[in-house]
Amino acid sequence: MPLSPGTRLGQYEVVEAIGAGSMGEVYKATDLKLGRDVAIKVLRQEVVRDPDRLRRFEQEARAASALNHPNIVTIYEIGEHEGTPYIAMELVVGVTLREMLAGGPLQNDKLMRYARQLAEGLAKAHQAGIVHRDLKPENIVISEDGYLKILDFGLAKLLPQGDIGAEASTWAHGGTTPGAILGTVGYMSPEQAKGRSADFRSDQFSLGAILYEMASGKRAFERESATETLAAILENEPELVTVVNPKIPATLVRVIGRCLETDPAERYASTWDIVKDMHWVEPALPAQHSGSRRLAAVGAIGILAIIILIVVLGLSIPDIREWVAGEADAPRIESIAVLPLENLSGDPDQEYFSDGMTEALIADLAKIKALKVISRTSVMQYKGARGKSLPEIARELGVDAVIEGSALRVGDRVRITVQLIRAETDELLWAESYERELKDVLAIQSEVARAIVGEVRVTLTPEERELLARSRVVDPEAHEAYLRGRFYWNRRSPESLLTSVGFFEEAISIDPEYALAHVGLADAQQLRMWFLIGAVAPSEAMPRAKASLEKALEIDASLGEAHAALAGIAFNERDWERGARESRRAIELSPSSARAHQVRGMYLTQLGHHEEAMAALEHARQLDPLSLILTVTLGLGHYMARDYDEALAQYQEAFALDPDFYPARILSIWVYAQREDWSAAIEEIERGRAIQDNPAYLAKLGQAHAAMGRRTGAIEVLAELTRISERAYVDGYHFATVHLALGDHEKAIDALEQAFDEHSASVRFLKVDPALDPLRAEPRFEDLLRRMKFPE
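Per our numbering, the very first residue in the sequence shown carries number 7; after that it's consecutive.
Mixed in with the good hints, there may be bad ones.
Stated by the list, open to error - Derived DSS-like pairs (lysine-lysine); straight-line CA-CA distance at most 27 Å:
| id | residue 1 | residue 2 |
| --- | --- | --- |
| 1 | Lys34 | Lys394 |
| 2 | Lys389 | Lys282 |
| 3 | Lys445 | Lys557 |
| 4 | Lys795 | Lys753 |
| 5 | Lys282 | Lys394 |
| 6 | Lys282 | Lys224 |
| 7 | Lys394 | Lys116 |
| 8 | Lys753 | Lys773 |
| 9 | Lys552 | Lys795 |
| 10 | Lys253 | Lys116 |
| 11 | Lys773 | Lys552 |
| 12 | Lys253 | Lys282 |
| 13 | Lys773 | Lys795 |
| 14 | Lys200 | Lys224 |
| 15 | Lys116 | Lys282 |
| 16 | Lys224 | Lys116 |
| 17 | Lys39 | Lys394 |
| 18 | Lys389 | Lys39 |
| 19 | Lys253 | Lys224 |
In case anyone wonders, no lab produced these hints; they're calculated from the structure. Predicted, not measured: the structure shown is a model, and the values here were computed from it.
I would like the entire structure built from these sequences, with the hints used as guidance.
In C-alpha cells:
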C-alpha cells in the first residue's frame with residue numbers, strides 16, 4: 007500500500023512519492039534528525055516473501071552502504087516499517103540516463119565523461135566484492151552538478167535467477183504493450199540469460215550495452231520481443247557502433263567491444279582495467295574498424311604512424327603517450343596523500359593489515375624529495391570518512407593528487423589495489439592491482455611506490471631510485487606481528503602500548519633481521535616514556551630504544567625514520583653533533599617525513615634559533631596538517647620564543663580537534679602561568695586532572711598555589727609529588743617548578759640537576775624555557791647550562 011505524505015518511518019517523514027518499479031516505491035522524505043532530504047525505497051511485500059532472499063539482500067545492501075564513491079549513491083540506513091523493509095539513501099536531484107538518452111546519442115565530451123564515471127563507480131563496487139546484476143540506464147542518474155550516480159546495488163538479488171517473465175512485464179519500456187523493448191532484458195549478460203551465476207564480468211557486459219547506447223543512441227540488442235532480444239544477446243553481435251556513429255573515440259570502441267564479448271573470460275580481468283583504458287584518449291576510428299572480436303582493433307597504419315613519430319621526432323613511448331593523451335599540458339603533481347587503504351576482508355580484526363600497508367606506502371613515497379607526501383597521522387583522519395569528495399579531502403590536505411585503494415589478505419596471499427586520482431578534476435590517472443605471496447609483501451610495497459612515482463613523472467635521484475628498488479623477503483608471521491604492533495602503537499593508550507611491545511618483540515624473535523620490527527620496538531619504548539606519565543624513566547627507556555635503533559640501522563641504514571628517532575635520543579644524551587647528523591640524514595632519506603622535520607625543529611628551538619625552528623616545524627605541519635602533536639609542537643616553539651599569543655592559538659587549534667588532548671592542555675597551562683592568569687590555569691588544571699591525573703598537572707597546581715600566596719597548598723603538592731616518586735618516575739622538572747614558585751632557587755636547581763642526571767627531555771630546553779628565567783643569574787644554573795654543552 008502506497009505511503010501518504012507525513013508517514014513516519016523511524017527518523018524519516020515522507021514528503022511525496024517520486025517513483026515506482028518492480029522492487030517497490032520510492033519516496034522523497036525528510037531526515038528529521040539531520041534536517042536533510044533523502045530518498046526512501048520501500049520494498050514490495052511480494053518481493054521479499056522469501057526469507058533467504060531477503061537475508062541475502064540485506065547483506066548486500068549493508069555491503070553497498072560501506073561504499074564511499076562520488077559515482078555511487080550513498081546508502082544511509084536499512085530499516086523496517088510495519089514489517090516492510092526500506093532503504094534510506096542519498097536523494098539525487100537530476101535525470102536518469104534513460105531520460106537523457108531520449109535526446110539521442112551523447113556528444114563525445116559528455117560521452118567520455120559519463121562513461122568514465124560509470125566505469126569508476128562500478129570498479130569501486132567490484133573492488134569491494136559487490137556485483138550489481140541489474141545495471142541499466144534506469145538505474146543511473148545524472149545529478150544537477152554533473153555527477154553520474156549508480157543506484158540500486160544489490161536489489162537484483164531479490165529476483166530469482168532466470169525469472170525473466172516477471173522482469174520483462176514489469177520493466178517494459180513504455181508500458182506492457184506487446185512487442186515493447188524490454189529494459190533489463192536488453193542489458194543482461196549471456197550467462198544471466200542462460201540462468202547461470204553472474205559475477206563482476208556480467209556487470210561489464212551490461213556496461214558495454216549501456217555505453218553502446220550512450221554512443222549510438224540505439225540499443226545494442228534491440229529486437230521486437232523479449233525472446234528475440236535474449237536470442238540476440240546469446241547468438242548475435244550488435245551492429246558496429248562506428249557504423250551508427252563514426253565519431254566515437256577509438257578508446258571507447260575497444261572498451262565496448264571487449265565488454266560485449268559473449269564469453270566472460272574474454273572480458274576484462276578487472277573493471278579497473280576498463281577505467282585505465284578509458285583514460286587513454288584517442289581520435290575516432292573509421293567506421294569499418296571495431297574494438298575486439300566484436301569490434302576490431304586499430305589497424306597497422308595507425309601503428310606505423312606512431313613508429314614514424316618516434317623515429318622522426320625522437321620521442322620516447324611516454325612522450326607519445328603524453329602527446330596523444332594531452333598529458334604534457336596537464337599540471338604537474340608535486341604533492342600527494344595516500345588515503346587509508348580499505349580493508350576488504352569485512353573482518354575488523356584485519357584492520358591492522360590495511361592500516362599497515364597504508365603506512366608502508368607513505369613511508370616509501372616519503373623518500374622522494376621532489377614529492378610532498380602527507381604523513382600518516384593526517385590521512386588516517388579520513389579512515390572510514392563518508393560525505394567528503396576526494397577534491398574536498400585534497401584541498402584540506404593541500405595536495406595535487408590522492409591515492410586510494412584496498413588491501414586484502416587471504417591465507418598466505420595478499421592483494422593490493424591502488425588508484426591515483428588528480429584532485430582538482432577528480433580524474434582517475436592510473437589504477438593497478440597487485441597480488442603476491444605474503445612473504446613478498448615488502449616487494450609489493452616497493453613496486454606500488456615505483457609505479458606511482460612513474461605515473462606522477464617526478465625525477466628520481468640515483469639514491470632514491472636505489473632506495474625504492476630495495477626489498478627483502480619477510481617471514482609472514484614476523485610481518486604480521488610487526489603490523490599488529492604498529493596497529494596497537496598507533497592507538498596510544500597505556501594498554502595498547504604494552505601490547506605493541508609484545509608484538510614487536512615477537513616479530514624480532516621470529517626474524518631477528520627484520521629492521522622495521524626493531525624500529526617499532528624503539529618507538530614503543532620511547533612512547534611509553536613520553537606518553538605514559540611516570541611509566542618509565544628516560545635513563546631506563548633511552549638505552550633500550552637506542553640499542554633497538556642501532557640494530558635496525560645495522561641491518562638497513564636507509565631507514566629514515568630510524569635516523570630521526572636516533573636523533574631524538576642523541577639530543578637527550580646531549581650528543582648534539584650526532585643528533586644533528588642523524589636528523590640531517592633522516593631528512594635526506596625521507597624528505598617527506600614530518601617526524602624528521604619535527605625533530606630538527608625542536609633541536610633548533612632548544613638552541614634558541616627560533617626563526618629556523620619555526621620554518622622546520624611549519625614544514626613538518628605541511629606534511630602532516632591534521633596532526634595534533636605537530637600542532638602542539640609548533641605551539642611549544644612559539645612558547646619558547648616568548649610568543650604566547652601564537653602559542654595559545656596553536657593549543658586552541660589542537661583542542662578543537664580533541665578537547666581532551668593532554669599535551670595541548672598542559673602547555674596551555676604553561677602559557678597561562680607565564681601570563682600570571684592563575685584562574686585560567688587552575689581551570690585547565692582541574693579539567694585535565696578530571697581526565698588523567700599526573701605529576702605535570704600537580705606541579706602546575708603547586709606553582710599556582712605558591713603564586714597566589716597559598717604556601718601551604720604548594721608544600722602539600724611537593725609532599726604528594728614525593729609520595730608518587732616512591733612508586734613511579736617523576737621528572738625532576740616538576741619539583742623545580744614548585745620550588746621556584748616558592749622562591750627556593752637552590753632546591754629548584756637541585757631538582758633540575760636531578761632531571762639532568764636522569765636525562766629528562768625537559769633539560770634540553772634549559773637555554774630557552776621562559777619559566778626558568780628567574781634562575782638565569784644563579785651561578786649553579788649557569789654551570790648547569792655549561793654542562794649541557796649546547797652548540798652555538
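Hint check:
1. Lys34 to Lys394: holds (23 Å)
2. Lys389 to Lys282: holds (25 Å)
3. Lys445 to Lys557: holds (22 Å)
4. Lys795 to Lys753: Given that 27 Å is the threshold and the Cα spacing comes to 23 Å, the pair holds.
5. Lys282 to Lys394: Status holds; Cα separation ~24 Å.
6. Lys282 to Lys224: Since the Cα atoms of Lys282 and Lys224 sit roughly 26 Å apart, the hinted pair holds (cutoff 27 Å).
7. Lys394 to Lys116: Distance ~24 Å between Lys394 and Lys116 Cα, so the pair holds.
8. Lys753 to Lys773: Roughly 19 Å separates the two Cα atoms, so the pair holds.
9. Lys552 to Lys795: holds (21 Å)
10. Lys253 to Lys116: Given that 27 Å is the threshold and the Cα spacing comes to 13 Å, the pair holds.
11. Lys773 to Lys552: holds (25 Å)
12. Lys253 to Lys282: Measuring from Cα to Cα gives roughly 21 Å; hence the hint holds.
13. Lys773 to Lys795: This hinted pair holds, its Cα atoms lying about 11 Å apart.
14. Lys200 to Lys224: Judged against 27 Å, a Cα distance of about 24 Å means the pair holds.
15. Lys116 to Lys282: Satisfied, since the Cα-Cα distance of roughly 18 Å is no more than 27 Å.
16. Lys224 to Lys116: Holds, at about 17 Å.
17. Lys39 to Lys394: At roughly 20 Å apart (the allowed maximum being 27 Å), Lys394 and Lys39 satisfy the hint.
18. Lys389 to Lys39: Given that 27 Å is the threshold and the Cα spacing comes to 24 Å, the pair holds.
19. Lys253 to Lys224: holds (15 Å)
When the structure is compared with the earlier hints, no violation turns up for any of them.
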